[in-house]
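Residue numbers (our numbering), protein chains in the order written: chain A, 169 to 282; chain B, 10 to 120.
Hints in this document: simulated from the structure, not taken from any laboratory.
Because the structure is a prediction, the values reported are computed rather than measured.
Heads up, a few of these hints could be off.
Claimed, not checked - Derived contacts from chain A toward chain B, CB cut-off under 8 Å, selection only:
#: 1; residue: Tyr-201
#: 2; residue: Gly-211
#: 3; residue: Leu-213
#: 4; residue: Phe-272
Beta carbons are placed, not taken as given, at the ideal position from N, Cα and C, and that holds for glycine.
Given next are the chains, with one letter for each unit.
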Amino acid sequence: AQKVTQAQTEISVVEKEDVTLDCVYETRDTTYYLFWYKQPPSGELVFLIRRNSFDEQNEISGRYSWNFQKSTSSFNFTITASQVVDSAVYFCALSVYNFNKFYFGSGTKLNVKP
Amino acid sequence: DGGITQSPKYLFRKEGQNVTLSCEQNLNHDAMYWYRQDPGQGLRLIYYSQIVNDFQKGDIAEGYSVSREKKESFPLTVTSAQKNPTAFYLCASIGITGELFFGEGSRLTVL
Chain A
169 AQKVTQAQTE ISVVEKEDVT LDCVYETRDT TYYLFWYKQP PSGELVFLIR RNSFDEQNEI
229 SGRYSWNFQK STSSFNFTIT ASQVVDSAVY FCALSVYNFN KFYFGSGTKL NVKP
Chain B
10 DGGITQSPKY LFRKEGQNVT LSCEQNLNHD AMYWYRQDPG QGLRLIYYSQ IVNDFQKGDI
70 AEGYSVSREK KESFPLTVTS AQKNPTAFYL CASIGITGEL FFGEGSRLTV L
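Only chain A is shown next, with the shape it has when bound in the complex (with noise of 0.2 Å):
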């Protein structure tokens, strides 16, 4: 079975500091795809990264950051120096089959105050 685990409900943290949103999955699939998803206050989740379970190189995207680590099944997300605007939901998310279906963690609400 496959499943997504999101063990932070609620994060919050003053605008400038880094913060780390954790995401562990199961799957006993060898091929298989994790994603990260922003779900700002509009509701529309917003596509943030796909990462294919061969690839293990971690990536860069601006202010944001991802690790991902096979030997212990964990796909954790970065934010550096944080911003207002980065208050959301993040969903962390697997998909196996050929992306038939997509398994989502319960998401981690992200407060960025001022």
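Got chain A sorted already, so can you dock chain B onto it with the hints?
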């Protein structure tokens, strides 16, 4: 602009009524999905369709129905059999690189 359009954004339903949520996409994507989101919870899959005239039940299909008569359209009907329909509903389609594209959602409230 290309994207997913959901309507209505807000919908109120009396108990015992069926309601239909619209989802239209102009991205030329084959696969489309309906998710339900409850406060503090992740997204749960209701139905998905990989091709026109075909769809499969997701994890929480009871009390819901869908159709896929056109590639662009994937409406969701919340029937009176759904005992707790108040929720936020999200429609999505999948691009060729595997990421989901979402609409802005429809918030259904049962009065």
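Consistency of the hints with the structure:
1. With a least beta-carbon distance of about 6 Å to chain B, the hint placing Tyr-201 of chain A at the interface is held under the 8 Å criterion.
2. Interface restraint check: Gly-211 of chain A against chain B, minimum CB-CB distance 4 Å, threshold 8 Å, status holds.
3. For Leu-213 of chain A, the shortest C-beta to C-beta distance to chain B is roughly 4 Å, which falls under 8 Å, so the interface hint holds.
4. A cut of 8 Å between beta carbons decides the hint on Phe-272 of chain A: the least distance to chain B is about 4 Å, and the hint holds.
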